[in-house]
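K.L.:
Throw the hints in and build the complete structure from the sequences for me.
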Amino acid sequence: MSIATAAPIWAPYWRFARAGFRRESRYRLAAAAGLLTNVVFGFVKAAVLMAAVEAAGGTLAGYTAGGIGAYVWLSQGMYGAIQLTGDAEIGDRVRTGDVAVDFTRPVDVQGAHLATDLGRAAFTFIPRGIPSVLIGALTTGLALPMVPLPYLLGAVSLFLGVTLSFLCRFAVNLLGFWIIETRGVRTLYMVISSFLCGLFVPVPLFPPWLAAIAAATPFPSMMQAPIDVVSGRVSALDALGVVGLQCFWVFVIAAIGRVLIVTGRRKLEVQGG
Amino acid sequence: MADSVPAAAGRLAPYVAVVRARIRAQRSYRTSFRIDLLGSAAIGVIEFGEVWIVVHSVGTLGGLNVRAILLLFGLSNLAFASGNLIAGHLDQIPTYIRAGTLDTFYLRPQPLLAQLLISDFQLRRLARMTAATTVLVVGFGLNDIVWDVRTVAVITMAVTFGTAIFAGLFVCAAGLQFYLINGAELTNAFTYGGAYAAGQPASVFTRPLTLFFGYLVPVVFTGYLPTVAILRLDSPPGLPSWLVWCTPLAALWVWAVALLLWRLGVRHYQGGGG
Amino acid sequence: MSEPEPDAPAIDIAGLTRTFGVRRPLRRRGAEPARQVVAVDDLTFRVERGESVGYIGANGAGKSTTIKMITGILVPTSGIVRTVGLDPVRQRRRLAYRIGVVFGQRTQLWWDLPLRESFEILAAIHRLDPAVATRRTSELVERLEMASTLHTPVRQLSLGQRMRAEIAAALLHSPELLILDEPTIGLDVLSKLRLREFLIAERAEHGTTLLLTTHDMGDIERLCDRILMVDHGALVYDGSLPGLVRTVGARRVLVVDLATPAGTLPTFPGVEHLGSQGGGIRHRLAFDAETTTAAALLTAVAEHVTVLDLAIEEPAIEDVVRRIYQAGG
Chain A
0 MSIATAAPIW APYWRFARAG FRRESRYRLA AAAGLLTNVV FGFVKAAVLM
50 AAVEAAGGTL AGYTAGGIGA YVWLSQGMYG AIQLTGDAEI GDRVRTGDVA
100 VDFTRPVDVQ GAHLATDLGR AAFTFIPRGI PSVLIGALTT GLALPMVPLP
150 YLLGAVSLFL GVTLSFLCRF AVNLLGFWII ETRGVRTLYM VISSFLCGLF
200 VPVPLFPPWL AAIAAATPFP SMMQAPIDVV SGRVSALDAL GVVGLQCFWV
250 FVIAAIGRVL IVTGRRKLEV QGG
Chain B
0 MADSVPAAAG RLAPYVAVVR ARIRAQRSYR TSFRIDLLGS AAIGVIEFGE
50 VWIVVHSVGT LGGLNVRAIL LLFGLSNLAF ASGNLIAGHL DQIPTYIRAG
100 TLDTFYLRPQ PLLAQLLISD FQLRRLARMT AATTVLVVGF GLNDIVWDVR
150 TVAVITMAVT FGTAIFAGLF VCAAGLQFYL INGAELTNAF TYGGAYAAGQ
200 PASVFTRPLT LFFGYLVPVV FTGYLPTVAI LRLDSPPGLP SWLVWCTPLA
250 ALWVWAVALL LWRLGVRHYQ GGGG
Chain C
0 MSEPEPDAPA IDIAGLTRTF GVRRPLRRRG AEPARQVVAV DDLTFRVERG
50 ESVGYIGANG AGKSTTIKMI TGILVPTSGI VRTVGLDPVR QRRRLAYRIG
100 VVFGQRTQLW WDLPLRESFE ILAAIHRLDP AVATRRTSEL VERLEMASTL
150 HTPVRQLSLG QRMRAEIAAA LLHSPELLIL DEPTIGLDVL SKLRLREFLI
200 AERAEHGTTL LLTTHDMGDI ERLCDRILMV DHGALVYDGS LPGLVRTVGA
250 RRVLVVDLAT PAGTLPTFPG VEHLGSQGGG IRHRLAFDAE TTTAAALLTA
300 VAEHVTVLDL AIEEPAIEDV VRRIYQAGG
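Chains A, B and C are the protein sequences, given in the same order.
Residue numbering for the first sequence follows numbering that gives the first Met the number 0, beginning at 0 and increasing consecutively.
Residue numbering for the second sequence follows numbering that gives the first Met the number 0, beginning at 0 and increasing consecutively.
Residue numbering for the third sequence follows numbering that gives the first Met the number 0, beginning at 0 and increasing consecutively.
Rather than coming from a laboratory, the hints here were simulated on the basis of the structure.
Here the structure is a predicted model, which means the values were calculated and not measured.
Don't take each hint at face value.
What follows is a list of derived Cβ distance ranges for each label pair [to be verified]:
no.	chain 1	residue 1	chain 2	residue 2	range
1	B	GLY99	A	GLY57	23 to 33 angstroms
2	B	GLY99	C	LEU273	38 to 48 angstroms
3	B	ILE96	C	ASP224	33 to 43 angstroms
4	B	ALA113	A	ALA10	24 to 34 angstroms
5	A	ALA10	C	LEU189	48 to 58 angstroms
C-beta atoms are modelled at their ideal positions from N, C-alpha and C, and glycine is treated no differently.
P.N.:
Now the structure itself:
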């Protein structure tokens, strides 16, 4: 006899998201510390890039001073949400075998963790995202669009960017099924992803060969894409194309993640993990 | 009962023994060790790439061209990598405290800070030093440098005292950890933030940044000032080129603060001082 | 009082107090004002050289805090503590050469390396003469029967093996004072017995002073001539175990399962029959450790009935403490 529930299918995931949000909200000191670090990096980045724009005579790869300011502070603000640091929570669960418990629950493992991460990311806008942009506006100055469309589309783009970042990290963590100590891989991932996603240097500034490499990876779609959309650097039709590309990568990485889960799970069962 | 006065087995013997043990322990994890090395080398290359891209796109930034950037990055990153090797693992202190294992160090007859400094000697950090050294050597080759006593003195001073500066910054961070158990990220602002700022041409810094990274967290001494001195370039009024000879003072300042913060932190942990 | 006198007591504590301010973590708003928790309250006692002292009390009674102050990890809020004549906070490093400590839950060994190497490193850390170190290591390895585990990485040792290793590690530099914090917790009966025998032999040979915290009355019985009991940070008893038992009237209980049910058992002097279960299959007999031993009682019982199985219930520390308070001690 099955127990009929009236709860819709997305109910547990909404719960996970709320849990992720609430958990993140508890670390006030860490959030404040994170903002401070964000701001320090932001000032240095802004100084260097603005000097570059000036040295290039006012525009560099399509960026004006205001545009580069927007890039700097939006990237710093989004950093908390996009979370490129290779945290090992899932990897640890795989290593210790705790993940077997996750598989017995009637929710999709990837979906559950994704929902939790989205909740977490949503919270970061409060102590890190908005304040970073505000500080940027008050100090170095930045140029943001005055019409609503970039922000609406930007919200979608940001959602996709956070999702994509999570899916990639998830996949990297799942390598723990095969590699015992994932720290080296995670560090490598962190460095490559933060470089190619446009955290330190905007992707439009990359020399052609590097830009081609970046385009072959999902990373620019994590951070550069939402920044470009929100700041209005890409407009209307191009923005839709950017979002479309993000959707493509979300689909691909999600699929890879699911393949890894299935094969990893099989390995776990064979090992009697 | 054994004599309580320690036998003459060499003052350094305890430290050597622990370091060798750490190296042996790491070699036992083969594959991940190699990935670690690869990762560390990649980090070095990518960090250089970040500065290189910006300067390359405009040719000259803050008076430094792409070849000068090799020196800037090489010197500052080598100092950072060496400092990180010496003291980077102190960020594990909150973990030790939570697990209660910090107390184990109290039971041994060496100074607490000294024990912690050698407690975790990471071979993979050597790889980061290699990447930085490579960039630096390339920089020596590609730049027009007058190899005289002055140049050698500046380079030696930059690398040795630069290492001391970064190691000192990590010790500052560690001292603060005793207060900020959950706020570890706060110290990243001046440790990793310092490394980031050290690799940029400081001539583009705004006044507050110059004050912060030039005098408070003096990482400007590890890369920019030596580069300008070696290449005999002009520097902005806030950072006169003769300042490079004060690098030892900068290191002294950092260590004075570091030891103070360490003492305050340890006292807080032990509950002393009210 | 900072020069080590050879006759200084092993531990000398006077008026020792330690309070902790319990702060609300930063995250909560509307914080309560800081509460003071008194972990150790005006403690005064002395342990002379060569003594063997059991330091007991309920969880949270202040035992670990006292030990941390004795070893220099924590600074007292007030009062004085001197360990082998030294100030543990100011002279920590000098003290480290002369005391050995084993924390039951935490390891002092190098996790990833073979056991042998931990001993070598510790010998270097304590700056032992190589010949002395070799001799001492062999002695300890032989007496603790660890020869077979010397090449095993510490993380692969069983709990019993690891505890023996920890004790060897703590004794390597032949300290004058050995402090053991819950050393037998989680060990099987055989391991406990062997460990106790080792400690007795070691003390007999080297005169090491021993301070032991434990919840196991068997440890106390076998190892300690003196008991210090703390409750809520204050010293509530200082004397011998028989004295404690006498004061408290706490009793051990022998539980016997019989082959055939018996309605009653013969009475034995100093033994109270607490009841039976399963229609006379299981009987519980409380006995006074002063008048008889478990073995003697068992023999006496077995003369009258066939015993299939037995168990011994120890008086819980909490029980003993409660009784002490009730006795007004």
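K.L.:
State for each hint whether it applies.
P.N.:
Here is what the structure says about each hint:
1. For B/GLY99 and A/GLY57, the Cβ-Cβ distance of about 59 angstroms falls outside the hinted range of 23 to 33 angstroms, so the restraint is violated.
2. For the pair B/GLY99 and C/LEU273, the supplied restraint of 38 to 48 angstroms holds, since their beta-carbon distance comes to about 40 angstroms.
3. Range check, B/ILE96 to C/ASP224: about 36 angstroms between beta-carbon atoms, so the 33 to 43 angstroms window is met.
4. The hinted range of 24 to 34 angstroms is not satisfied by B/ALA113 and A/ALA10, whose Cβ atoms lie roughly 56 angstroms apart.
5. Range check, A/ALA10 to C/LEU189: about 54 angstroms between beta-carbon atoms, so the 48 to 58 angstroms window is met.
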